[in-house]
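2 protein chains.
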Amino acid sequence: MTAEIVSVGTELLLGQIVDTHAPLMARILAECGIGCTHRATVGDNMDRLVATLKQALGRADVVVTIGGLGPTVDDLTRDGIAIALDDTLEEVPEVAHKLRAFFESRGVQMTHSNLKQALKPTCAELIDNPNGTAPGLICQKGGKAVLALPGPKGEFDPMAQGPVRQFLEQLQGGQVIHSRVLRIIGLGESLVEERVRDLMDGENPTVAPYAQTAECHLRVTARAADREAAELMIDPVVDEIRNRIGNHLYGFNETTIEMATLDLLVERGETVSVAESMTGGALGARITSVPGSSKAFRGGVIVYTVDAKQTLLGIDSGLLTEFGPVSEETAKAMAETVRERLGSTYGVAITGNAGPTADVDGKPVGLAYIAVAGPDGVTVDKAQYRGLREDIQRRATQTALSQLRWKLLSDA
Amino acid sequence: MTAEIVSVGTELLLGQIVDTHAPLMARILAECGIGCTHRATVGDNMDRLVATLKQALGRADVVVTIGGLGPTVDDLTRDGIAIALDDTLEEVPEVAHKLRAFFESRGVQMTHSNLKQALKPTCAELIDNPNGTAPGLICQKGGKAVLALPGPKGEFDPMAQGPVRQFLEQLQGGQVIHSRVLRIIGLGESLVEERVRDLMDGENPTVAPYAQTAECHLRVTARAADREAAELMIDPVVDEIRNRIGNHLYGFNETTIEMATLDLLVERGETVSVAESMTGGALGARITSVPGSSKAFRGGVIVYTVDAKQTLLGIDSGLLTEFGPVSEETAKAMAETVRERLGSTYGVAITGNAGPTADVDGKPVGLAYIAVAGPDGVTVDKAQYRGLREDIQRRATQTALSQLRWKLLSDA
Numbered sequence: 100m101t102a103e104i105v106s107v108g109t110e111l112l113l114g115q116i117v118d119t120h121a122p123l124m125a126r127i128l129a130e131c132g133i134g135c136t137h138r139a140t141v142g143d144n145m146d147r148l149v150a151t152l153k154q155a156l157g158r159a160d161v162v163v164t165i166g167g168l169g170p171t172v173d174d175l176t177r178d179g180i181a182i183a184l185d186d187t188l189e190e191v192p193e194v195a196h197k198l199r200a201f202f203e204s205r206g207v208q209m210t211h212s213n214l215k216q217a218l219k220p221t222c223a224e225l226i227d228n229p230n231g232t233a234p235g236l237i238c239q240k241g242g243k244a245v246l247a248l249p250g251p252k253g254e255f256d257p258m259a260q261g262p263v264r265q266f267l268e269q270l271q272g273g274q275v276i277h278s279r280v281l282r283i284i285g286l287g288e289s290l291v292e293e294r295v296r297d298l299m300d301g302e303n304p305t306v307a308p309y310a311q312t313a314e315c316h317l318r319v320t321a322r323a324a325d326r327e328a329a330e331l332m333i334d335p336v337v338d339e340i341r342n343r344i345g346n347h348l349y350g351f352n353e354t355t356i357e358m359a360t361l362d363l364l365v366e367r368g369e370t371v372s373v374a375e376s377m378t379g380g381a382l383g384a385r386i387t388s389v390p391g392s393s394k395a396f397r398g399g400v401i402v403y404t405v406d407a408k409q410t411l412l413g414i415d416s417g418l419l420t421e422f423g424p425v426s427e428e429t430a431k432a433m434a435e436t437v438r439e440r441l442g443s444t445y446g447v448a449i450t451g452n453a454g455p456t457a458d459v460d461g462k463p464v465g466l467a468y469i470a471v472a473g474p475d476g477v478t479v480d481k482a483q484y485r486g487l488r489e490d491i492q493r494r495a496t497q498t499a500l501s502q503l504r505w506k507l508l509s510d511a
Numbered sequence: 100m101t102a103e104i105v106s107v108g109t110e111l112l113l114g115q116i117v118d119t120h121a122p123l124m125a126r127i128l129a130e131c132g133i134g135c136t137h138r139a140t141v142g143d144n145m146d147r148l149v150a151t152l153k154q155a156l157g158r159a160d161v162v163v164t165i166g167g168l169g170p171t172v173d174d175l176t177r178d179g180i181a182i183a184l185d186d187t188l189e190e191v192p193e194v195a196h197k198l199r200a201f202f203e204s205r206g207v208q209m210t211h212s213n214l215k216q217a218l219k220p221t222c223a224e225l226i227d228n229p230n231g232t233a234p235g236l237i238c239q240k241g242g243k244a245v246l247a248l249p250g251p252k253g254e255f256d257p258m259a260q261g262p263v264r265q266f267l268e269q270l271q272g273g274q275v276i277h278s279r280v281l282r283i284i285g286l287g288e289s290l291v292e293e294r295v296r297d298l299m300d301g302e303n304p305t306v307a308p309y310a311q312t313a314e315c316h317l318r319v320t321a322r323a324a325d326r327e328a329a330e331l332m333i334d335p336v337v338d339e340i341r342n343r344i345g346n347h348l349y350g351f352n353e354t355t356i357e358m359a360t361l362d363l364l365v366e367r368g369e370t371v372s373v374a375e376s377m378t379g380g381a382l383g384a385r386i387t388s389v390p391g392s393s394k395a396f397r398g399g400v401i402v403y404t405v406d407a408k409q410t411l412l413g414i415d416s417g418l419l420t421e422f423g424p425v426s427e428e429t430a431k432a433m434a435e436t437v438r439e440r441l442g443s444t445y446g447v448a449i450t451g452n453a454g455p456t457a458d459v460d461g462k463p464v465g466l467a468y469i470a471v472a473g474p475d476g477v478t479v480d481k482a483q484y485r486g487l488r489e490d491i492q493r494r495a496t497q498t499a500l501s502q503l504r505w506k507l508l509s510d511a
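Same order as they appear, the protein sequences are chains A and B.
First residue of the first sequence: 100, per this note's numbering; consecutive thereafter.
First residue of the second sequence: 100, per this note's numbering; consecutive thereafter.
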């Protein structure tokens, strides 16, 4: 069984945005054991869209379209699929009703063009879209399937990972290619590769490294009759990798370092609070991006100025003058004070210079101090990051989470 | 003149890496005034590569290939182009010589397959590659041009931005396509479209809307002899859009709402601080992602728990009990208190429920109160967001920045 992906949108064709949906869809197809042989990108142009869809349908069993399901005149995918499949569109009364109710509930008048989203090719089943107004489509006709997914990331991702994956697995019903991603922190890609080099020669499962921002991933992939059989083949390889990597392996698949660290805290019934200077709230934002983080996160302070460090944390002005806001001493005081004020088990502090220029004390761009205070005292790491402001801020929060995790593991 | 881009590589087709080269190439084509009508991705498979190249050559004047020029058996682009153009390959002695010298200088024995990189279609000119071993190709035959660029980023980017852009500019003979993006907040895509519908029928400049998370973009694009002439054609269209959209138009091109709002504050010598509950620091993080934000941002508190709201802001426990942490009253108190504590001109507060479940008071997922306190008092907005946790948090910070901006504009 083969598939093709067609991404629709002039903004993609002109390179104004990078297409990350098509790679995700390609990975899902591969994991379902369906070979993807072509990918195409077309603009919001009906003739080219229809020609591309027809060509894809001429070659592949499954065609997945991404984007172009919205309400504007530029959104042509629904019509294009109907034409390519020699089908017609019909209105789905329930969807039209839902759309009207949605706009009414917001007190906004619905424009006529929004009703386009209630249309579907007659051969299509709808895919529910709890995160947006346009449902997805599964069109089956003449032994071919066309799946249409909406373009906004918050709508595309859950639909692709959920009902679309499920449909493809059923359709394929034979062999799956299944992966587990091992997430590793505190060891660079080349060190990781050195430790697992011989495992990378395996054919089934395969092992492949991917460098990420301030962490490294290993993807272990098995080909088997079903997902469970693949998991059983992956297990011993993961055990072997764990033997060699130890606690640097912090989680699997979609588990982020913030999730892994929060899990440890919740397991132990402990809590954390944060004091951020150079990251301006980004550490708190990463922690609270995890559902259920309120079980372990108490809150924190964004002490972006010297004044704020005094007002919100009562940090001694003598200390700030003597050592400067970007210093080991200030980081320690921030972590200890926020821990105390919020009554949390741990306090994590980040102070540094995210750039773009050296600070008033001449501290260079990328210099950061990251402190973790706990029941047994406080530790500080000094780091010198490279890159743009956003990279520096991202790396600082990554280090902070990693340091908190090491502290938790060593306190255990 | 039209062009198509063909990205070559099984790792792209399987979604193991995201293709950022094709978007860059598309932008360069657009800037040179060459319309890109199709993009395709094929794996390392000769039949499919040749078929895709032939189809592209049948439609477009220029075909740009990316990747597949290396020394391994998987690298098929050079051969594929020769077949598609009905040409043969010949060895370029100088390149073969350079390759041998390169390997000798590293003390590494050159494998025979490396010599592939010294081959070119007879119709091709070489593009020098100072950053790698495989030269690029410019093949011209039968009124068509095929440009072949190497895949590694360090080789692709300079070649695309340098000799390839130069060749395309000459080929096109002096026309550019230039765009300005208008960033609009507080008006949905369909309302924006309704107000500018007639302008969207224009041919030069063109006007096209793009929905973004909680904002909307209009792209105004002109075709002209050079960039300055294009800007002059875009100006009156932008003026007309501004007449219809008013202050909802907050910025151009790469200007984000956090930048636009910070600019207003800095202009007026005013400052802001934040009190965040459901967004856990994400508002502060957005503000401090902007270089120079320390000129107007004082800091804030992340009051993720009821305790933290009392400890860090001293919010009255009676108020919290009576109205609950997710309420208009709490939002107001948070904004007013943080403003006062940090001595900033404005205080912005977000409290709400980001999900995944209704909170202890039964407040539904997505409900949020956003307050802005200033010299003239405090205003609160109630919102009900949909989507995943990260969407809800993102929309809440977007509303907060937008509300702060309206306050600044109305206080002016």
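Any given hint might turn out to be false.
Since the list can't tell identical chains apart, any single copy or any two copies may satisfy a pair.
Pairs of lysine to aspartate or glutamate, EDC-like flavour, derived with a Cα cap of 16 Å [stated by the list, open to error]:
1. Lys481 with Glu427
2. Lys153 with Asp185
3. Lys481 with Glu130
4. Lys215 with Glu292
5. Lys481 with Glu369
6. Lys240 with Asp490
7. Lys481 with Glu421
8. Lys394 with Asp406
Note that these hints are calculated values from the structure, not bench results.
The model shown is predicted, which means the values in this text are computed figures rather than measured ones.
Hint check:
{"no.": "1", "hint": "Lys481 with Glu427", "result": "within (8 Å within a copy, 42 Å between copies)"}
{"no.": "2", "hint": "Lys153 with Asp185", "result": "within (10 Å within a copy, 27 Å between copies)"}
{"no.": "3", "hint": "Lys481 with Glu130", "result": "neither (42 Å within a copy, 43 Å between copies)"}
{"no.": "4", "hint": "Lys215 with Glu292", "result": "between (52 Å within a copy, 15 Å between copies)"}
{"no.": "5", "hint": "Lys481 with Glu369", "result": "neither (26 Å within a copy, 33 Å between copies)"}
{"no.": "6", "hint": "Lys240 with Asp490", "result": "neither (48 Å within a copy, 35 Å between copies)"}
{"no.": "7", "hint": "Lys481 with Glu421", "result": "neither (18 Å within a copy, 46 Å between copies)"}
{"no.": "8", "hint": "Lys394 with Asp406", "result": "between (31 Å within a copy, 13 Å between copies)"}
Violated hints, listed in ascending order, are 3, 5, 6 and 7; each of the other numbered hints is respected by the structure.
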